[in-house]
Every structure is written in C-alpha cells, then in structure tokens.
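Protein chains: 2
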Amino acid sequence: MTVSIEDIQQAAQRIKPYIHRTPILTNESLNQQVGVQVFLKCENFQKVGAFKFRGASNAVWSLSEEEARRGVITHSSGNHAQALALAARMRGVPAYIVMPNNAPQVKKNAVVGYGGQITFCEPTLAARESTMERIRLDTGATVVHPYNDERVIAGQGTAALELLEDVPDLDGILAPVGGGGLLSGTSIAATETRKGIRVIAGEPEMADDAFRSLQAGEIIPSLHPKTVADGLLTSLGSLTFPIIRERVDQIVTVSEAGIIAAMKFIWERAKIIIEPSSAVPIGVLWEKKIDLSGLRVGVILSGGNVDLEKLPWQP
Amino acid sequence: MTVSIEDIQQAAQRIKPYIHRTPILTNESLNQQVGVQVFLKCENFQKVGAFKFRGASNAVWSLSEEEARRGVITHSSGNHAQALALAARMRGVPAYIVMPNNAPQVKKNAVVGYGGQITFCEPTLAARESTMERIRLDTGATVVHPYNDERVIAGQGTAALELLEDVPDLDGILAPVGGGGLLSGTSIAATETRKGIRVIAGEPEMADDAFRSLQAGEIIPSLHPKTVADGLLTSLGSLTFPIIRERVDQIVTVSEAGIIAAMKFIWERAKIIIEPSSAVPIGVLWEKKIDLSGLRVGVILSGGNVDLEKLPWQP
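So the protein lines, in turn, are chains A and B.
For what it's worth, the working numbering labels the leading residue of the first sequence as 30, then goes sequentially.
For what it's worth, the working numbering labels the leading residue of the second sequence as 30, then goes sequentially.
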C-alpha cells in the first residue's frame, strides 16, 4: 500500500476548511542571484508555522468518529507535535504528545498553547516509544507518525498540488528532506500532475542520510546529524524511502554556510521569516551544484518557526 | 497648492508599471491579541523594502524628459535614498545622494547597489544642505525631498488607495508618522475614498513631535528623538502638517517596549520581517490606548529594512 495522487487530492478536499491556502511569492533579487525563476510556496505562513499542519490535519480528519473520540498520539518535540495538537483541537478531540524532558521550554509552551496534553519521558528513543505505547494502550488513541504514515504523506503533498494549480508550468520543484514525508507527498503530487517535472530535494551535508540512502539503495540511518536545519535530523522511513527512490530525480546536499547564507538572503530580500530547514532547498540554488539556470522552479518553504533570540548568523 | 485625491489616483496609474502591488495579510493570532480585525498592507514587500519607493517613483516619473535627463537629488541616508536611486535607475537617469560620512556601511552599499551616486559630507544638516545645493547647481538635478513634496505625498498615498480597493469596508486606517509623507498621503486617500473612516497615526513616545505639533497647532520640531523606530526621527514639514491637522483623527504615542513587543509578535506569528517603524501602528493596537475593539482596521506596514545582526529585543 502506498500513496496515490487521488489520496492527495482527497486530502486536499478534506483539509481545505482547516488549513491556509498559502501564497506563492516571487523575488527578483533571488532570481537574479541564483539565475532561476523561483516560486516560493510559503508554508511558513501555514497554521502553526509549518507544512506539518497539512499532514496532521489529514490524519486527524481521516479518522472515524469513534477513532477520533479516543484521540491521537505522537512522540515529537517539533512542529509535528504542535500541528497534531492544533488539528486535534480543531476536531475537538485529545492529542497526547510524548516529549523528552529536555525539550526547550518554547516548544513545550507551543504544544500546550495548542491544547496538546504532554507526557514527559527520558530523552531516548526507547523511552519515547515505551511511553507512547503505554498511553496508547490506556486511551486507545491513534498513533500519527510525523512522516511514516500514508495520511501524513498525502496531506503534505497538498502543498505541491496547490503550487502546481497556481503555477502550472514549472520545470522543477524543490523541497527539503528529513524523514521524507514532505518530499514523498511533493514527488507524488508533482510527477502525477505534470509529466517530466524534475523533483529535487535539498539535504544538509551534515545530515546526508537520505542522499546516502539513495546511493546505497537502502535506508541508511541518520547517526550523528549536526546541522542548523534542525527539522531535518531524522532518517527516511519504510514508506517514504521507496516513494523517494521512485520519484525523486536527485538529492543535493548543502553546506551549513550555504543554508545560513540562503536563509539570511530570504529574510533580507524577501522579508519573510523562514526556518533553516526551509533554506535548504534555497541553498541548492544558492550553491549552484546543479544547473537549473533559466528554469521555472517551485520551492516548498517548509516553515518559519525560528528562535528569534538566537539566529544562526549571530555569534 | 496641496495634494488631491486625483493626484493620488494619477500617481497610482503613473507608478503602476514600476512598483509592486503589495499583498494584504491577515493573522488570526494578531486579531485575537488586539481584539481588532487587522489588515496588513505589506509595504515591507515593496521594492527597496519600503513604501518610500512609491513616492520616489512618482516624483521621478512626474518629471519632463528634459528635467529627468538632469537627474534627481536628495540628502538622506535612509530608505528614501535607496528608493530614489532605484526609481532613477529605472528611468535611466542619474540620482545624486548626499549622505553624512558617518552613515552605516550597509546603507552606503544599498544606495550604490541601486545605482545612486553618493557624495559624502559632514554629518550636520547645514553641510547636507550646502552640499546638495552645490551639486544641484552643477547638474541641474531636481530636488526630491523625502516627504515635504507633493509628488512624494501623492505617491505614498497610493498604498492606502490599493488597500481600500482590496478591503473597501474598513472602519479605520493606521500608519506611522515621522515626517508625515506617508500619513498625509494615507489620510487623503482614505478620507476621500471612504466617508467617515478614522485615520489614526502611531508615533514613538520618544519622538512625539507630531503628537505635540497637533496639540500646539504649529510644527514642533523633533529635537532629540531617541527611538528604536529610526525611520520616524524627522519632524513634520510645511506641506504635511496642514494635511495631517485637517484629516488625521488622532496621533497615538507608543512606548519603546510596545514597539518592540509588537514587532517581535509580527515576526513570530505572521512570519514577516517588519522594521521597527512598521511596528509603531501595530503598537497602537497592542497597547490598547484607544478603543478599536471589533473594528476592521487597515495598517500600513511601512517597510522591512532591518539590520539582522542587531535586533532590538537582543541585549
């Protein structure tokens, strides 16, 4: 079982009342800088400040009344946790969020602010999973994985669907890759909607497990990733890997300096707040490791959740 | 002679091919925070990152061929200098910019980047004016004042005109006030387009010369203004003061803490970069010194030019 274009189209209908249809921005300075006509799909303006709200909403609204009543559960400390909490609140059902006890206060506050019920655990994967399993057994809540979940993948694909509705004649589409939920959904939406479109992913050099996985032909786990793009630390999943292998033309790695330069350029010139993970596909254009000159390229800006007290270009 | 709604409408036609028609954003978190339905007119997305490009463009494109050929001149180190340089370059004519020799490097670079020809002088008003006069006599260039100029006022008014085209049923409109070019143009556009609309200005408490001028019934110069909103340091001019006195309902002062809190909130929630001056009218809503609850209020976000190395909420 995998995800079809129909799944993405149905997801788009299902979540339409709840999400923002985000705008597409263009920027002349950026086009000149990179020699590409760039169309920025602004998921930084999405609810909770990230594309993650699409997948979480699709998962929550795919549940039966009976399932929904028992709630949803995930272990995450990032945007997915916030997204799931808000999506659940909008349906009026509980969201149980398992978080490591060393998660930053700002992330805890955000989840609580969206109505999520946090359970803290030790900061290990084993503790997260056993804690989640205990709560799941207690409550009957449905697990919603951040990316290795068909409903989530289909939801994330709706951003590319909208982009191609608004700008149909794209030559290529760029997205970041972490666990691969966004990239999987994007690649299905793009290749099924527009024949011959190139799907390219940006990945931090310092967390290049997806790049290496494609080369190896099997999932290479992300062992000690260390990148400013903290949304891209995870490894590909059993669902996302085969989709990406089939549909993505290329994964291009980006240096930390390239990510930061691209991010700062977007802030300075486009006047929008993007998070480092969003700057990774811009970094692909910035570092010009592949030739896309003169082409029309859409970029999914994944989100805009940044700690404004501590910016990556500051000492 | 003053500025009429026809002047603003003509300006809108004149500059239409050169400017961005900037989007209007709304933000649910902001509305909830301030209890007002807010419509943000995003001049931070304007060319050169500020509304100033409207007035400068209108001035440059109002010139006859003969006048234009001799160029334009101003003394400014801020957004107006950049705006005038770019507007002149787009018409293919010279822009002479007189700048104090202690102007920040980033501002010099920006003007040069837009093709302006800088002449440095001592950092006094007398030196600026005498230097400008010398170059004007040499070149025959036309002086374009940053705000005390009918063409500039008419150009700045086009932002409010667009806002009211897109959202006709506003109860009020808010803009910041420094020299009063934006506020003058906004107040003419708003009151002539929509009867009974309230025009309210935000001004930093620490640079409250316009507030005091309205109270005194005469222009009170800004003596030692010291505010984070560095675009609002100047005093009202002989053209802007009478327009503002006639058409603006109220000037509301905003504390430094209110400006910074409002700015940070917009960055965090709306995910757009606004400069401190843009945060001043948001600060009016934020500090709730006047009751606008439940109303539909447009806010002109003046610009997004910020030194990203040094943000006002950082120590």
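Some hints here could point you the wrong way.
The list treats identical chains as one, so a pair stands whether inside a single copy or across any two.
[As the list claims (entries may be wrong)] Here are the simulated DSS-like pairs of lysine-lysine, each with C-alpha atoms no more than 30 Å apart in a straight line: (1) 137 - 317; (2) 293 - 255; (3) 317 - 255; (4) 137 - 45; (5) 317 - 45; (6) 255 - 224; (7) 318 - 293; (8) 339 - 45; (9) 339 - 224; (10) 137 - 224; (11) 137 - 318; (12) 255 - 45; (13) 45 - 318; (14) 137 - 255; (15) 318 - 224; (16) 137 - 293.
Treat the hints as calculated values from the structure; they're not laboratory data.
Since this is a predicted model, take the numbers as computed values, not measurements.
Hint by hint, here is what the structure shows:
{"no.": "1", "hint": "137 - 317", "result": "between (38 Å within a copy, 29 Å between copies)"}
{"no.": "2", "hint": "293 - 255", "result": "both (20 Å within a copy, 28 Å between copies)"}
{"no.": "3", "hint": "317 - 255", "result": "within (23 Å within a copy, 44 Å between copies)"}
{"no.": "4", "hint": "137 - 45", "result": "within (28 Å within a copy, 47 Å between copies)"}
{"no.": "5", "hint": "317 - 45", "result": "neither (36 Å within a copy, 34 Å between copies)"}
{"no.": "6", "hint": "255 - 224", "result": "neither (36 Å within a copy, 59 Å between copies)"}
{"no.": "7", "hint": "318 - 293", "result": "within (19 Å within a copy, 36 Å between copies)"}
{"no.": "8", "hint": "339 - 45", "result": "neither (34 Å within a copy, 39 Å between copies)"}
{"no.": "9", "hint": "339 - 224", "result": "neither (42 Å within a copy, 46 Å between copies)"}
{"no.": "10", "hint": "137 - 224", "result": "neither (43 Å within a copy, 47 Å between copies)"}
{"no.": "11", "hint": "137 - 318", "result": "neither (38 Å within a copy, 32 Å between copies)"}
{"no.": "12", "hint": "255 - 45", "result": "neither (36 Å within a copy, 47 Å between copies)"}
{"no.": "13", "hint": "45 - 318", "result": "neither (37 Å within a copy, 38 Å between copies)"}
{"no.": "14", "hint": "137 - 255", "result": "within (22 Å within a copy, 37 Å between copies)"}
{"no.": "15", "hint": "318 - 224", "result": "within (24 Å within a copy, 57 Å between copies)"}
{"no.": "16", "hint": "137 - 293", "result": "both (27 Å within a copy, 19 Å between copies)"}
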